[in-house]
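Asker: Sequence:
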Amino acid sequence: MTHGEGGGARAWFGGRVATGLVEVASDVAVLDRGGWWAVVLPYTGAPVLARFSDVREADPPTGSWTGPQVDSWRSSTTRDEYVEAVERVRARIAAGDVYQANVCRVLAAPLPDPDRADLAGLASLLASGN
569 MTHGEGGGAR
579 AWFGGRVATG
589 LVEVASDVAV
599 LDRGGWWAVV
609 LPYTGAPVLA
619 RFSDVREADP
629 PTGSWTGPQV
639 DSWRSSTTRD
649 EYVEAVERVR
659 ARIAAGDVYQ
669 ANVCRVLAAP
679 LPDPDRADLA
689 GLASLLASGN
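Okay, so the sequence shown: first residue is 569 according to my numbering, each after it adds one.
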């Protein structure tokens with residue numbers, strides 16, 4: 569979800585754009601009320617649910633994106649911690665306790681200039697690579 573031109577919130581999904589933000593909530597029970605919702609479930613923290621009044625077919629966003637420098641990224645775990653977690657999962661698989669698992673880490677980096685971040689450019693980059 570991003571703020572589009574004119575300050576209106578927008579969400580792009582599979583060839584569609586949602587506009588006309590009606591409400592934002594963190595309680596998933598609001599989904600029972602119906603409507604078109606964009607739902608973000610972060611790795612940690614509360615979910616973000618945004619209900620929009622208008623959803624229509626639209627081309628993906630375009631723009632340019634200048635992201636963080638390669639050396640500014642930080643990981644939530646060290647290499648050794650990550651390898652140790654993978655080994656624990658492998659041992660549990662071998663013991664028959666687990667048949668599938670994902671060992672994850674969070675990568676974060678500051679934006680070079682947050683006030684000039686072009687979220688449409690980021691969305692365009694992600695859409696072209698995924």
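To be clear, the hints were calculated from the coordinates, so they are not data collected in a lab.
Glycine included, every Cβ here is placed at the ideal spot set by N, Cα and C.
Honestly, I wouldn't trust all of these hints.
What follows is a list of derived Cβ distance ranges for each label pair [claimed, not checked]: (1) Glu655 to Glu625: 43 to 51 Å; (2) Val596 to Val623: 15 to 23 Å; (3) Glu652 to Gly576: 43 to 51 Å; (4) Thr646 to Gly588: 42 to 50 Å.
Asker: Hint by hint, note whether the structure agrees.
Answerer: Here is how each hint holds up against the structure:
For glutamate 655 and glutamate 625, the Cβ-Cβ distance of about 47 Å falls inside the hinted range of 43 to 51 Å, so the restraint holds. Look at valine 596 against valine 623: about 19 Å separates their beta carbons, and that is inside 15 to 23 Å. Between glutamate 652 and glycine 576 the Cβ separation comes to about 46 Å, which falls inside the hinted range of 43 to 51 Å. For threonine 646 and glycine 588, the Cβ-Cβ distance of about 45 Å falls inside the hinted range of 42 to 50 Å, so the restraint holds.
In this structure, every one of the numbered hints holds.
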